[in-house]
Amino acid sequence: MNALGTLLLFPGGLALLLVALLAEWISRKLLARLQNRVGPRWFQPLADTVKLLAKEEVIPEGVHRILFEFLPVLSLAAVLTAALAVPLFGVVPATSYAGDLIVTVYLLSLLTLCTSLAGLITDDHYAALGGLRVLSQLFSYEAPFLLALLGPAVAAESWQITRITAHAGSNVWMLFTQPVGFVVAVIGLMGKLELSPFDAPEAHTEIVAGSLTEYSGRGLALFRLSRNVALVVGLTLVAALYLGGVSDPLAFAVKTLALLLVITTVQALFARLRIDQTIGLWWHYGVLLALGQWFLILIGKGAA
Amino acid sequence: MTTHPDSAATPKRFTIPIGPQHPALKEPGFFEFTVEGETVIGATLRLGYAHRGIEKAVVSRTWVQNLYLLERVCGICSHIHSLAYCLGVEKLAGVTPPPRAQAIRVLIAELERMHSHLLWLGVAAHDAGFETLFMYSWRDRETILDLFEQISGNRVNHSINTLGGVKFDLTAEQIVSVLKAVELMEERARYYLDLVRNDPMLGQRIRGIGTMSAAEAHRMGVVGPTARASGVGRDLRVEAPYAAYTAIPVVVMLETDGDLQARFIVRIREMFESCRIIRVLLDHLPEGDLQARMPRRIPEGETIARVEAPRGELFYFIKSNGADMPERIKLRTPTLCNLGSVLALCIGRQLADIPMLLIGTDPCFSCNDRAVVIHQAGNREKWTWEQFRRYGNEALR
Amino acid sequence: MRISTILGMALQSLFRVPATRSYPQERTPSPERLRGQLRWNPEKCTGCAVCVKDCPAVAIELLEVDKAAKRFVLRYHTDRCIFCSQCVQSCRFKCLSLSNEAWELAALDKQAFTVDYGRDEDIHALVEKPASTDDSPRL
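If you read the protein sequences in the order shown, they are chains A, B and C. In terms of our numbering, the first sequence is residues 1 to 304. In terms of our numbering, the second sequence is residues 1001 to 1397. In terms of our numbering, the third sequence is residues 2001 to 2139.
For the record, the hints were derived by calculation from the structure and aren't laboratory data. Just so you know, even glycine gets a beta-carbon here, dropped at the ideal spot from N, CA and C. Don't take every hint at face value.
Stated by the list, open to error - No farther apart than 25 Å at their CA atoms in a straight line, the calculated lysine-lysine pairs in the DSS-like style are these:
no.	chain 1	residue 1	chain 2	residue 2
1	C	Lys2094	C	Lys2110
2	C	Lys2067	C	Lys2094
3	C	Lys2053	B	Lys1319
4	B	Lys1026	B	Lys1319
5	C	Lys2070	C	Lys2053
6	B	Lys1056	B	Lys1091
7	C	Lys2094	C	Lys2070
8	C	Lys2070	B	Lys1056
9	B	Lys1091	C	Lys2053
To be verified - To list a few chain B residues with every Cβ distance to chain C over 10 Å, as calculated:
no.	residue
10	Phe1014
11	Pro1017
12	Val1064
13	Leu1133
14	Gly1153
15	Val1250
16	Phe1315
17	Lys1319
18	Arg1332
19	Tyr1391
Unchecked claim - Covered stretches of chain C, going by a simulated chain A footprint (3 or more residues, C-beta under 8 Å):
no.	segment
20	2006-2013
21	2016-2030
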């Protein structure tokens, strides 16, 4: 497939955006059914995006206008770029080079940084608090998540996603050989994406909408879209590394769906943690668990 | 109501307004918290956003019409408001409603207590980010609302009270429905009690937070389940029984921990007690009329009526000058007593605990707002409507 | 230590019918005592107007066509009515009742909210009389 087709249609671009909306729908529908409700119809996330794009964008006073409008675009661009190195739809990624695992994870973090900055550039108290919380959560979830993803990298002796995926595909699933790492990766993903119970940065009963309080219209639509794309990319990454690789579209669909179901169920079960509890809990346990898992892997490698 | 920090300004200290519009508040109220980082160091409160001029409006409506106005002071505890009003007016007129009417009044009051506590549980869970519990408790609440619709014809604002008794009777099938619903409520209450006691994540948000000792509760004048969670056993159904409570002894649910979890537990345990009271009532439902004759003009006099609303002590002062319209009615709702405790308890806590602390007292701002005229230095003024309106517009800007 | 107390119930809910009633596709039958729109039986009315006096919302007007012959028209303002059923209680001759089926009362214009009840000839006799717009409490 030529580069433009990949970027705009498949597997990046349009196909990715549609799958991101689908993922949001599945998540919302399942959440609703777990709560004994009906839930939205299949086109709801698409309708939400179209509606938001059509609404007037209100730019608050005293904000740096260019930065305000640029941040949502940057975050969407970052996650779409991150998607290029990941085996979406079971297809070989468009770009692949040594170390692209780190680049992908950091491009996903760029989304978080943009969200935080979006809160900090306005005069709003709620947005400022939200932005601070996003940064705090970023610091405490980034390290364990990266460490957990590096577990399979160590096992595969490579930092290139395609190599790790190939290794994962031809051996026992890392879910079974590195279970602790799997748990840390899933929880780290939920923390990164600010899914309940780690959604203190957007705790709407405390700080209205967190760092995105001042956004409306197009900016909000792009931020929401980037969040959904990040969800898909994150799920693919974890599925590819821990659930035995994604070699064809069917495997991709089944594995990412299973992971999405697990994450959504966890979302439904818990109350929201306070930001200091989120950080306190995970900064200690997450890092310790991830390091412990690494230790075991290194011992295993040494013994092999 | 103010608690101010030191005047010396320090960096990264700023004021967070919560309200008048805020997702944490179901009704408007204006809290201003001075925070340093995420810790609260000062708090102020302004009320008055839901003031509707009820005490002025009752004076130009007949006694019968006021039944419906006062019922609509609050949607959640509407029956208890009309009950307090009826008790006061019946006392002034020297009329005793028949025993069957008293029993039906208590039945609806206890059902309302259960529905209010379930509503509160859902809202508290929502504030804690626990959407699933919110959805479940409100689904269970529908059972009670459907019961209200069967018995009285409306889900809220049941209008079952009339001066001198009640309007609608309980049929045999309705009694069966009530008993079935009560059984379901008990099962659900058991589930929620277990959840509130044992859920680890929810426990992180409610255990050990907002602890208020019995002495502090006494000093701040807290009422209702908020006080009972700190071991202060104030319950008007026991201290000053009214209606059918004179015949049914009520067990007051007390907890001694005084933290947010205790407040959750007290309210859920009160649901068990309500179920028990309803069963006893229906077992011994007296036969007879539903209404006693009431005069159109209530004799001159003044009286007070105190009842135990789901949130605490509800106080009515009713004054008649012999006409067919009241001269003065003064309401004091329980939320007014409890809000001061929120301001005192939030100092030193994290910002994220504020919505939980506020919801722990089960605030109902719309019940709350009254205008009070304070006489300063013997200067008594009578205000016209125009002056009052202007004051409202300017003062609350 | 249990990680979650609500997992069992959540998984069960997946397989239960949602608690939401899909109105308007699904309409549960209304209970007998549901307080819907007012209905008036002109045969027994004596024109005592206690219902008018007791209504907290000034929703009822009793218009006289011929007082001696007991011909009245009851003008009912659905938009002011609070469905409290005080009028039903106050009427000594049981002329009034609240329908338990007419509760879907939304309309696109205000005309639909003012309903004239009575015998046809009485209503025709009053066709020129305008509706009252005074909704302050009567003293």
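We went through each hint and held it up to the structure:
1. Lys2094(C) with Lys2110(C): Status violated; Cα separation ~29 Å.
2. Lys2067(C) with Lys2094(C): Holds, because 19 Å separates the two Cα atoms, which is no more than 25 Å.
3. Lys2053(C) with Lys1319(B): 22 Å, holds
4. Lys1026(B) with Lys1319(B): 33 Å, violated
5. Lys2070(C) with Lys2053(C): Roughly 18 Å between the alpha carbons, so the hint for Lys2070(C) and Lys2053(C) holds.
6. Lys1056(B) with Lys1091(B): Holds - the C-alpha atoms of Lys1091(B) and Lys1056(B) are around 22 Å apart, at most 25 Å.
7. Lys2094(C) with Lys2070(C): Answer holds: Lys2094(C) to Lys2070(C) is near 16 Å, not above 25 Å.
8. Lys2070(C) with Lys1056(B): 38 Å, violated
9. Lys1091(B) with Lys2053(C): With a Cα-Cα distance of about 24 Å, the restraint between Lys1091(B) and Lys2053(C) holds, given a limit of 25 Å.
10. Phe1014: Nearest chain C Cβ is 37 Å from Phe1014(B), so the label holds.
11. Pro1017: Pro1017(B) is indeed farther than 10 Å from all Cβ atoms of chain C, at 34 Å.
12. Val1064: Contrary to the label, Val1064(B) does not stay out of reach of chain C, its closest Cβ about 5 Å off (not over 10 Å).
13. Leu1133: Violated, because the least Cβ-Cβ distance between Leu1133(B) and chain C comes to about 7 Å, which does not exceed 10 Å.
14. Gly1153: Label violated. Min Cβ-Cβ 4 Å, cutoff 10 Å.
15. Val1250: 29 Å, holds
16. Phe1315: Holds, because the least Cβ-Cβ distance between Phe1315(B) and chain C comes to about 23 Å, which exceeds 10 Å.
17. Lys1319: 19 Å, holds
18. Arg1332: The claim stands: Arg1332(B) keeps its Cβ more than 10 Å from every Cβ of chain C (closest is about 23 Å).
19. Tyr1391: At roughly 22 Å from the nearest Cβ of chain C, Tyr1391(B) sits farther out than 10 Å, so the non-interface label holds.
20. 2006-2013: holds (count 5)
21. 2016-2030: Coverage by chain A holds here, the residue count being 5 at a Cβ distance below 8 Å.
Of the numbered hints listed earlier, those contradicted by the structure are 1, 4, 8, 12, 13, 14.
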